[in-house]
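**Student:** Listed below are the residues making up each chain.
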Amino acid sequence: MIASAFFFKATLLFYLLGTTFFLLHLWGRERREMSESDRANQGRWSRRFAIGVTAAGFLCHTVALALRVRVANYVLFADRHEALSFFSWAMVLVFLCVEIRRRIHILGSFILPLAFLSLVSASALPNEVRNLNRTLKSTWLGVHTTLSLLGIVAFALAFVSGLMYLTQERLLKAKQFGPLYDKLPSLYLLDQWNATAILTGFPLFTLGIISGALWSQYAVGVLWAPDNPKQILAIGVWLFYLMTLHGRVTIGWRAKRAARLAVVGFAGVVLIFLTLSP
Amino acid sequence: MNILLVGLNHRTAPVTIRERLAISEERLGEALYRLTADPAIEEGLILSTCNRVEVCAVARETTAGFAALQRFLLATAPDLPADQILPCLYLYTGVDGLRHLMRVASSLDSLVIGEPQILGQVKEAFEAALRHKTTGVILNKVMKKTISVAKRVRTETEIAAYAVSISYAAVALAKKIFGELNGRAALLIGAGEMAELAARHLVSQRISSLAITNRNYERAVDLVQALGGTPVPFEDFVARMVESDIVICSTGAPDYLIGVAEVSRVVAARQNRPIFFIDISVPRNIDPAINTLDNVFLYDIDDLKVAVEGNVRLREAEALKAEVIIVEEAERVSHWLKSLDAIPMIVALRDRAEEIRSAEVEKAFGKMSSLTPEQRAAFDAATTAIVNKLLHHPLTVLKAEAASANGNMVLEAARRLFQLQSLPIPSGPEPPETEASACHPPPDQGD
Chain A
1 MIASAFFFKA TLLFYLLGTT FFLLHLWGRE RREMSESDRA NQGRWSRRFA IGVTAAGFLC
61 HTVALALRVR VANYVLFADR HEALSFFSWA MVLVFLCVEI RRRIHILGSF ILPLAFLSLV
121 SASALPNEVR NLNRTLKSTW LGVHTTLSLL GIVAFALAFV SGLMYLTQER LLKAKQFGPL
181 YDKLPSLYLL DQWNATAILT GFPLFTLGII SGALWSQYAV GVLWAPDNPK QILAIGVWLF
241 YLMTLHGRVT IGWRAKRAAR LAVVGFAGVV LIFLTLSP
Chain B
1 MNILLVGLNH RTAPVTIRER LAISEERLGE ALYRLTADPA IEEGLILSTC NRVEVCAVAR
61 ETTAGFAALQ RFLLATAPDL PADQILPCLY LYTGVDGLRH LMRVASSLDS LVIGEPQILG
121 QVKEAFEAAL RHKTTGVILN KVMKKTISVA KRVRTETEIA AYAVSISYAA VALAKKIFGE
181 LNGRAALLIG AGEMAELAAR HLVSQRISSL AITNRNYERA VDLVQALGGT PVPFEDFVAR
241 MVESDIVICS TGAPDYLIGV AEVSRVVAAR QNRPIFFIDI SVPRNIDPAI NTLDNVFLYD
301 IDDLKVAVEG NVRLREAEAL KAEVIIVEEA ERVSHWLKSL DAIPMIVALR DRAEEIRSAE
361 VEKAFGKMSS LTPEQRAAFD AATTAIVNKL LHHPLTVLKA EAASANGNMV LEAARRLFQL
421 QSLPIPSGPE PPETEASACH PPPDQGD
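Keeping their order, the protein sequence lines are chains A and B.
Residue numbers for the first sequence follow my numbering, beginning at 1 and rising by one.
Residue numbers for the second sequence follow my numbering, beginning at 1 and rising by one.
No lab work stands behind these hints: they were computed from the structure.
Heads up, a few of these hints could be off.
Here are a few chain B residues that sit away from chain A, every Cβ distance over 12 Å (derived from the structure) [as the list claims (entries may be wrong)]:
#, residue
1, ALA269
2, LEU304
3, GLY310
4, ASN311
5, ALA381
Listed next, the in silico BS3-like pairs over lysine-lysine satisfying Cα-Cα at most 27 Å (straight line) [as the list claims (entries may be wrong)]:
#, chain 1, residue 1, chain 2, residue 2
6, B, LYS305, A, LYS175
7, B, LYS144, A, LYS175
8, A, LYS230, A, LYS173
9, B, LYS305, A, LYS173
10, B, LYS363, B, LYS389
11, B, LYS144, B, LYS133
12, B, LYS141, B, LYS321
13, A, LYS183, A, LYS256
14, A, LYS183, B, LYS321
15, B, LYS399, B, LYS144
16, B, LYS144, B, LYS363
17, B, LYS145, B, LYS133
18, A, LYS173, B, LYS389
19, B, LYS399, B, LYS145
20, B, LYS321, B, LYS305
21, B, LYS151, B, LYS123
22, B, LYS175, A, LYS256
23, B, LYS141, B, LYS123
24, B, LYS367, A, LYS183
25, B, LYS141, A, LYS183
Derived, one-sided and incomplete: chain A residues facing chain B with beta-carbon distance under 10 Å [as the list claims (entries may be wrong)]:
#, residue
26, CYS97
27, ARG102
28, PHE177
29, SER186
It should be emphasised that the depicted structure is a prediction, and the values quoted were computed from it without experimental measurement.
A virtual CB, placed ideally from N, CA and C, is assigned to each residue, including glycine.
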């Protein structure tokens, strides 16, 4: 447990560094432009450093999570601390995958702050491993939490691409061709990401809700508790993304509208985190 | 031996003079022979493009060399009076000449900094000179170095990385909106050189369709033949906008052809798909207010210029880095060139020493007839060793010092100390390092 806490703290530190350098990267020019060549190399160096510490943080995070699973001997993510921690881990995983395949470094400047924030929130919450009672502990719980969280990660990615879309759109409209404009990908690509993320996230989230209901039926004996704010919120979020998807397919809710919807929808997702058992 | 450069470019000479002095490819061989036929010129090379004529030569004597180069240029345009040509010329020698050559090849001296053609033209000029055998050891080395420096500038700085043409800027913007452009549809309203150029750029990006419309339908059909695509009657162009992702507008109409009302309908019909308008016409043909509509991106000619201006500044910043590289490399070549001056001196000194030694050895052998062949050989070896050891240090110093600032003084001192008067004077006192002509701007200035 001490080892797990150590790795968790190390992760926090690495993500803090990653966040700082990725945010600095937003201002620097992507290609070398400054008059002295050593300053020029610094731009690349800071980016490499940001990616490096992020990767190191990810490894620490993976170890921390693995140790925790071994100690607790159950599938994770039952409480808010674990959910936030897993969320952060999965976001960074996605970033690293995209970084390796497509080298769109600016994604880090959006994902890392989010990952860091959620990890900081996780660290502020009680993090001792709880002993769930036998009835609550079941495979369905693990399936439910994992699927829901993966859905939420996808929605967060839609949020990030929506945010990037709105930023780039504003720069294009205002005709500001600064470093940020250079680094952000095309509107088309960002809209594609948005669509893909929601299209992936929605079925995962749906299955998460269904498995949650089944687990509730098995453990507590009720399929649906109308007085549980989490469940109501989850249904609300689910309906919202259903509407978003439907709108895209049938009446062309794409581009800027889709970006806005993805940003708004994520507010609901954040609220779900707040209603999780602490 | 000195390297000399005389030339004129788009800054020092108007096109009326440049075109008269330009040497076409067919006349280049003849010109090269005429240049190197002058006894003052040892090696020669001519670079002639639409923006410049540069004549580079190696001469034994600086002043005579410059005179020969000026004579050559005056003879190239015999009907132009000398007082029209001479003020346009800049004259460089030594390290300044090398630096100028490298700046030209690296396109720091070009109208558009970082333009890619000039390096090819420099290579061609060098190849032509090689073909006509008008270059020798020095110019070959200098030109190879110049070309490699230009390549180094290209790879180590971003001088050519930022687009600076308007039509390129339009394509770059389109890519920021649509990603890759293949599969996109474009509509060209009106005609005009710039619009045509932008359309051509788009076609080269493999857009899926290009519709062309014009008030004069015949003109649209003509353009379709030049660019490909389909002609569209002028009355139908608003309907056509619904299918078009990119609309380029360039007509002579005095007021707005496309307003908010039309575009709102188009956007609604396009179901939020972004649409990109480029208005190249002056006065503008598209109401600027449409830029406030969602998913509509409108750029007029000034916006495109702004998009490019930043890049021009970036290229200028990169050019400063390139200047540093060039100063350093020119210095290196100049060092090598100056060290060449010591070679005849070294050879003469060795010859003189060997002459004295062998004469004295023969004299000594005459007096000592009883020597065995082994003893003779040992005697010979001993005297050779004495001479070599005595000369070793002076020769090393000569080689090293010849390239330094007071190299000529050292060479002169050696000449006097060893009585080598018969040797030719290397290149006289240090030649003037600045150009003689007043019309040349400072070398670090791009305009």
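**Student:** Next step is simple, just say for each hint if it's right about the structure.
**Tutor:** Cross-check of the supplied hints:
At roughly 10 Å from the closest C-beta of chain A, the C-beta of B/ALA269 falls inside 12 Å, breaking its exclusion from the interface. Distance check for B/LEU304 against chain A: the nearest CB is about 9 Å away, which does not clear 12 Å, and the non-interface claim fails. For B/GLY310, the requirement that its beta carbon stay farther than 12 Å from each beta carbon of chain A is not met, with the minimum near 6 Å. Under the 12 Å C-beta cut-off, the non-interface status given to B/ASN311 relative to chain A is violated; the minimum distance is some 9 Å.
With 12 Å as the threshold on Cβ separation, the claim that B/ALA381 sits away from chain A holds: the shortest Cβ distance comes to roughly 55 Å. Proposed proximity of B/LYS305 and A/LYS175 is supported: the alpha carbons are some 11 Å apart, at most 27 Å. Our distance criterion of 27 Å between C-alpha atoms is broken by B/LYS144 and A/LYS175, whose separation comes to about 44 Å. Between the alpha carbons of A/LYS230 and A/LYS173 the distance comes to roughly 40 Å, so the proposed pair goes past 27 Å and is violated.
Taken as a hint, the B/LYS305 and A/LYS173 pair is honoured in the structure, with Cα atoms around 15 Å apart against an allowance of 27 Å. For the hint pairing B/LYS363 with B/LYS389, the CA-to-CA distance comes to about 22 Å; that is within 27 Å, so the pair holds. For the hint pairing B/LYS144 with B/LYS133, the CA-to-CA distance comes to about 15 Å; that is within 27 Å, so the pair holds. Restraint check for B/LYS141 and B/LYS321: the C-alpha separation of about 24 Å stays at or below 27 Å, so the hint holds.
Using a Cα cut-off of 27 Å, the hinted pair A/LYS183 and A/LYS256 holds, with the two alpha carbons roughly 19 Å apart. Among the hinted pairs, A/LYS183 with B/LYS321 is consistent with the structure: their alpha-carbon atoms are about 23 Å apart, no more than 27 Å. With a CA separation close to 23 Å, the supplied pair B/LYS399 and B/LYS144 stays within the 27 Å bound. Only pairs whose Cα atoms come within 27 Å are accepted, and B/LYS144 paired with B/LYS363 is rejected, the gap being roughly 51 Å.
A distance of roughly 18 Å separates the Cα atoms of B/LYS145 and B/LYS133; the hinted pair therefore holds under the 27 Å criterion. With a CA separation close to 79 Å, the supplied pair A/LYS173 and B/LYS389 exceeds the 27 Å bound. Annotation: proposed proximity of B/LYS399 to B/LYS145 holds, straight-line Cα distance about 22 Å (limit 27 Å). With a C-alpha separation of about 25 Å, the suggested pairing of B/LYS321 with B/LYS305 holds against the 27 Å cut-off.
Of the pairs offered as hints, the one joining B/LYS151 and B/LYS123 holds, with about 11 Å between alpha carbons and a cut-off of 27 Å not exceeded. For the hint pairing B/LYS175 with A/LYS256, the CA-to-CA distance comes to about 17 Å; that is within 27 Å, so the pair holds. For the suggested pair B/LYS141 and B/LYS123, the alpha carbons sit about 13 Å apart, so the restraint of at most 27 Å is met. Taking the CA atoms of B/LYS367 and A/LYS183, the gap is about 90 Å. The hint is violated against a cut of 27 Å.
A distance of roughly 42 Å separates the Cα atoms of B/LYS141 and A/LYS183; the hinted pair therefore is violated under the 27 Å criterion. At about 20 Å, the closest approach between the beta carbon of A/CYS97 and any beta carbon in chain B exceeds 10 Å, and the interface hint on this residue is violated. The closest approach between the C-beta of A/ARG102 and any C-beta of chain B is roughly 12 Å, which is over the 10 Å cut-off, so the hint fails. The restraint placing A/PHE177 at the interface with chain B holds, with a minimum CB-CB distance near 5 Å, inside the 10 Å limit.
A least Cβ separation of about 4 Å between A/SER186 and chain B falls short of the 10 Å threshold, and the interface hint therefore holds.
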